[in-house]
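Number of protein chains: 2
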Amino acid sequence: MKVSEIGEFGLIDLLAEMIGDVADDRLILTIGDDTAAWHGDTSIQLATVDSLIQDTYFSFDTASWEEVGWKALAVNLSDIAAMGGIPRYVLVSLSLPGNTEVENVIALYRGMLDLAHRFKVAIIGGNISNSPKVAIHVTVLGSALDKDSHILTRTTAQPGDKIVVTGQLGASNAGLKMLLEGLTFEPEATAAFRKAFLTPYPRITEGQQLVKYGVKTAVDISDGLIADLGHICQASKVGARLEVDHVPVSPHVQANFGGDALAMALTGGEEYQLLFTATPGQIDSVKAVISCPLAVIGEITAEHTGEIVLVDSDGNPVDLPGTGWDHFAKRK
Amino acid sequence: MKVSEIGEFGLIDLLAEMIGDVADDRLILTIGDDTAAWHGDTSIQLATVDSLIQDTYFSFDTASWEEVGWKALAVNLSDIAAMGGIPRYVLVSLSLPGNTEVENVIALYRGMLDLAHRFKVAIIGGNISNSPKVAIHVTVLGSALDKDSHILTRTTAQPGDKIVVTGQLGASNAGLKMLLEGLTFEPEATAAFRKAFLTPYPRITEGQQLVKYGVKTAVDISDGLIADLGHICQASKVGARLEVDHVPVSPHVQANFGGDALAMALTGGEEYQLLFTATPGQIDSVKAVISCPLAVIGEITAEHTGEIVLVDSDGNPVDLPGTGWDHFAKRK
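In order, the protein sequence lines correspond to chains S and U. The opening residue of the first sequence carries number 472 in my numbering; numbering runs sequentially from there. The opening residue of the second sequence carries number 472 in my numbering; numbering runs sequentially from there.
Isolated chain S (complex conformation):
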């Protein structure tokens, strides 16, 4: 059996089973949430690793070294954001060919440091290795807000919780399509799509605000809204009713992709918005302080465990023609 046949999630499940339960009563979360988490001497500690591989996840034909550096750190900070934590320290394991221009490596680090400085995160270590393609593996260490703070997990969604998403969706997917297919748009849309795909801004502040107002359940949207909502449903053993008319599609995506826009917002990965579940009271509290839009897009249900029912504004089930998604889309 090949890895491509069981897929990334199949392989992760298999390895998680092999690793088994670890006899360490400090551990809170291991494989399967946005970060690992354990009880430190006082506060909860967090660690996550993610990688960008040249010509698999990005190409220097369409992205600058600086943008790749930013993104390599951003996707990891987004995992800390999804826990409502504070990112602190970064280790960078960088592979590159010997004939790489030094100034390109400097540009890559400039991109990482630009983002790191915004969140007072320090690059404290790393490793450089020789490889035919560029690969950036970034580990971020962080902690809960303070010694009494909880973290946001994917196992705590309750029937009756509202489903909420920060910001707007679809622009990262539009950026990927634009770069891959050489599409052209008016300058403002072009800039928005490029930024969404290559230099996303992790929702660190927003994740911390969720913790402060008692929200318990969140993920970042890295695999796509439906897929990541599916992760919450499976981990929490609940279902979800997703009101597609309330999904906040980026206006630039709406204007330029028309009939495909909703599907892009529902299934496009690498959006790095936060998806969370909360009570109406918690949502009102968060809305009063948060600086980004929040959209209530559905409700957690007791029935259809692990499944997501897509409905229109009248509550009728909908299919998404041409997307491969039906209204009982069951996601791994």
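Heads up, a few of these hints could be off.
Said to hold, decoys possible - Calculated pairs, DSS-like style, for lysine-lysine (alpha carbon to alpha carbon, straight line, at most 30 angstroms):
#1 U/Lys-604 - S/Lys-473
#2 U/Lys-633 - U/Lys-683
#3 S/Lys-666 - S/Lys-648
#4 U/Lys-591 - S/Lys-618
As the list claims (entries may be wrong) - Here are the in silico distance ranges between beta carbons for each label pair:
#5 U/Ser-475 - S/Leu-651: 25 to 33 angstroms
#6 U/Thr-513 - S/Val-760: 28 to 36 angstroms
#7 S/Asp-790 - U/Ala-487: 51 to 59 angstroms
#8 S/His-510 - U/His-717: 42 to 50 angstroms
Hints are computed from structural coordinates only; laboratory data are not their basis. Nothing here was measured: the structure is a model prediction, and the numbers come from that model. Glycine is no exception: its CB is placed at the ideal position from the N, C-alpha and C atoms.
For chain S, the structure is supplied; the task is to place chain U on it using the hints.
Positioned in the frame of chain S, the structure of chain U alone reads:
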């Protein structure tokens, strides 16, 4: 300017300068020692990352997936050993082609878990990405022995300290040569060379014993004895007199490589023995408890800062013919 022209250490120096001093009074060590280190809530915390890249650092023509898994973790545990710390948690960022056999990935993890279990280390997270070649980037988190324990650094060597090395040297380099050049030896030497190169046993226990008996200065031998002693000398702003006749060359290397054996022991990388400096009293205390051989191979000097003078047992300077090393070998 290409990366290959300034080399790994040149690039690291440049990036370290770019990253600059981090305004974080908890940080103890960042780039430039075996691990990063900072003051946790009670004890000192450690983090390190290192990688193995297929066809650059290993080949599946000569190494099994299990051996590669072991080694990927071992080289990182060795960095924690060099700090005298306790390894605790591991994150694995694994890149592989989609057509990789799942059972090979399982064998890779079996190799990692075999070693992890010996030191009660838990794999708590990771990431899997798609890449044309296999690459394993391992991050290990650890801590000092307890809240009052110091860590071993490379900046604390003092003139008059003896230079000491654990175990024997040269067998890893012999293993590399054996696999690369298809050399054949008697079974016992073959096994010893293979083990030294592919499944080294990190000196975790020994590093902790050094801390307990007051030793302050250590590195693990990853770049080669002379190169790593050079790192201590530069970081501590001292010189070193290295008595080549006392260097513990592996008997198998001596028997099979004759005239090249000493040079292999002095310059071969990836040996993962500990190299430390200590007072004679500390050495006696450590010798009484440690289970591996210790060899005193020279002395730290105030003169020739950053340089290593190679001498014979009469104290006369020696050259190593045919190795490219002279007795003033200055190492970056």
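List of violated hint numbers, smallest to largest: Failing hints: none at all.
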